[in-house]
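Student: With the hints as extra help, turn the sequences into a complete structure.
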Amino acid sequence: MESNFVQYVVQDSGILIEAALIFYLARTSKWRGQGAVAFYLSSLVVGQLTRACFLHEYGLTSLRYYYAYWSTDFLLVMSAFGVVCLFFRRACWREEKIWRLIRIFLVFLLVLVAAISGVSLSLNRHDFFTYFLVAFNQKLYFTCLVLNTLLYLMLHRMNSADDQLELLVCGMGIQFAGPAATLALVHLTYGGRFAKWLAYQTIPLCTFGMLLVWAYVIVYVPKTAGGLGRRDPPLRPVPAELSKL
Amino acid sequence: MVTATLVLVLSAALFFFYIQVTCQKILRRQFDREYFQSIVKANRLEFPSLRKSLEEFGMSADYPRLRMMLKCDFLALTYLLKNSANLKQRYSGEERLLILYCRWQFLSLAARHLLKFGEEPATLRLASVLQYFANVVGQRVNTVQFGNWTAADYLFYL
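Sequence order for the protein chains is R and L. Numbered according to the numbering used here, the first sequence spans residues 1 to 245. Numbered according to the numbering used here, the second sequence spans residues 1001 to 1158.
Bear in mind the hints are in silico, worked out from the structure with no lab data behind them. A couple of the hints might just be wrong.
Derived pair list, reagent style DSSO-like, types lysine-lysine, alpha-carbon separation capped at 30 angstroms [to be verified]: (1) Lys1041(L) <-> Lys1052(L); (2) Lys30(R) <-> Lys1071(L); (3) Lys1082(L) <-> Lys1071(L); (4) Lys1025(L) <-> Lys30(R); (5) Lys1116(L) <-> Lys1071(L).
Tutor: Here's what the structure looks like:
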């Protein structure tokens, strides 16, 4: 009961932070610079509010809540994938050639995940939700984690000057990695009680953690001038003979 | 089974990696001057000398003393963070995250000491968090003026 209470408090605080951040973005006219963030926050609010409404109306064990849960999960996973794509775009702002390659790679990955999940559907055609949507969501979620890590490594390699983007990617990483680890633990323990309890606590906490990191980025970290250039290499020291001239 | 184990290990590692990177990015925030100096002198904090000796001479054998020094500095600075020139008398979200990170690094230091492996990087990370805290306290104190003196100057000449 107490753990449920903590979970609900964390979840509701999360919704409040999301709404507050959207309001802050709108009020300070930062929509343009932070389109991806605003988009994902809006999806989170819509998804969580829909779930809360269905839970309140029909109860946890109802079929309608089950469908609403997995449909909103699909919306959230697709939004997460969209945000990762937008972050890639932001990272490659001045590198059109690289972006073209990455775009093809991202589309290919999405099709591949859908095709692999489709195999589960072809084996069990009677239940679209259980065998396709759940499998698709799980696979795409882990793909997002891998893509996010690749993006972080790419930013590091490009020596990006966009501190905002790096922290946004880190926040997203926390959001992806925590739930992926606990859900894998649930799978490994065949739905053990402790693993399930851990997953129920970790998932809202990770979302909460991501929101805190994003709030810090939006409020405190200034956007790099010119947006997204590389960090300038340090100037070479001027030889002593030349500096005397 | 193998895939799930792989996902578990990889995701857990990435989770801790992202938390560490986030904390380190916050710690890299630039201050317009070295505010921590006056706080260190006024409160006789030991982490700068400890860091210097670590960088020059490597890890000392006296682990209990080193841990005690860092712990005392940590307690003093977290107290100052909450109470000095802080009207709300509470930590910000960023400070809470870094305090958690600091506690995690203390645990990591203890584990590394037991394993006799990589104590120096953990100690340096702790020192950098403490320096950040001292900078934040110094910056806050600096904004409070006593006549022509800032609070930091006042503390410095005590």
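Student: For Lys30(R) and Lys1071(L), compute the direct alpha-carbon distance and say whether it is at most 30 angstroms.
Tutor: violated (41 angstroms)
Student: Would you mind confirming whether the straight-line C-alpha gap from Lys1082(L) to Lys1071(L) stays at or under 30 angstroms?
Tutor: holds (17 angstroms)
Student: Taken at face value, is the distance from the CA of Lys1071(L) to the CA of Lys1116(L) at most 30 angstroms?
Tutor: holds (20 angstroms)
Student: Given the proposed pairing of Lys1041(L) with Lys1052(L), does the C-alpha separation stay at or below 30 angstroms?
Tutor: Distance ~15 angstroms between Lys1041(L) and Lys1052(L) Cα, so the pair holds.
Student: Taken at face value, is the distance from the CA of Lys30(R) to the CA of Lys1025(L) at most 30 angstroms?
Tutor: holds (22 angstroms)
Of the numbered hints given earlier, the model fails hint 2 alone.
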